[in-house]
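> Taking our numbering, I'd label the letters of the sequence shown as residues 2 to 250.
In short, the hints are calculated from the structure, not lab data.
By construction, the Cβ of each residue, glycine as well, lies at the ideal position given by its N, Cα and C atoms.
No farther apart than 30 Å at their CA atoms in a straight line, the calculated lysine-lysine pairs in the DSSO-like style are these:
{"no.": "1", "residue 1": "Lys192", "residue 2": "Lys215"}
{"no.": "2", "residue 1": "Lys218", "residue 2": "Lys192"}
{"no.": "3", "residue 1": "Lys192", "residue 2": "Lys205"}
{"no.": "4", "residue 1": "Lys205", "residue 2": "Lys218"}
If you anchor each label on the Cβ, the simulated ranges turn out as follows:
{"no.": "5", "residue 1": "Glu190", "residue 2": "Gly165", "range": "21 to 27 Å"}
{"no.": "6", "residue 1": "Arg141", "residue 2": "Gly214", "range": "31 to 37 Å"}
{"no.": "7", "residue 1": "Ala95", "residue 2": "Phe143", "range": "26 to 32 Å"}
{"no.": "8", "residue 1": "Pro250", "residue 2": "Glu158", "range": "33 to 39 Å"}
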Amino acid sequence: MRLTRTQQLLSCSALAGLFVGFSAATPFAAEGWNVARFDPPAKVEAARDVEGREITCTFYPDLVIRESDTGTPEPGDAALIPIRGGPPVACRAAPGVSARTLETGGQRFIGRADGFLVFEDASTNGTMPFAVIDAGTGRRLFTDTTTDDGIDRFAAEGATLRLGFRRGVQGACSIPQGGAACWARIVREEKLPAPVAALPVPVKVCAQAYRAGKAPKDTPSIVSFPVRLVWTGSLAIEADGPVRCRPTP
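Start from the sequences, fold in the hints, and give me the full structure.
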């Protein structure tokens, strides 16, 4: 069962949605992203558009991130609205011609660090997909998936972004039930990095996790492993063990 992000915590968007016209000097930390030193926005506002949809606007000196349907488990695509010394951006109004539509359907805005915008899925089934977007162009730079452990490293400087986290991979089979055959399927279908694919089948660690969680043996497995990622205009990724395992919630 997929749980909405707001069932795990009150996110910035969800809390802001309780108050029309609410503003804050700093964003609320998203669970799992506490190590990130996100740039504080000038304010965060919530309103409803003419169709009654909940809108959340996060204002920075040079741009506004406008999210729609933030009161639902499936938010719509966000808009990036540049600020060029024109009239103030009205949160409830439709984005103007200068706005750029971002490919963020189903995701919530987590924060900004220099030239990078971070969005994360609004619902989870044990893994948390996220996307990093160029704050200047609105182009999606890369996507990845964490576990509920969140990230352990985040550093943005100029055009360089460094991330450290455990990548979470949702398998279509159960390692305690299928053993090596299931592991081989996850390696093949999810395209695990070669250093991880070469590790021993995590049968023992999976069995321990299933027993601890009292999960049925046929529950599909989620595996995770450490990843170090560097973006400098292209993506460099290092991945290794140890592999952890848990049943899908």
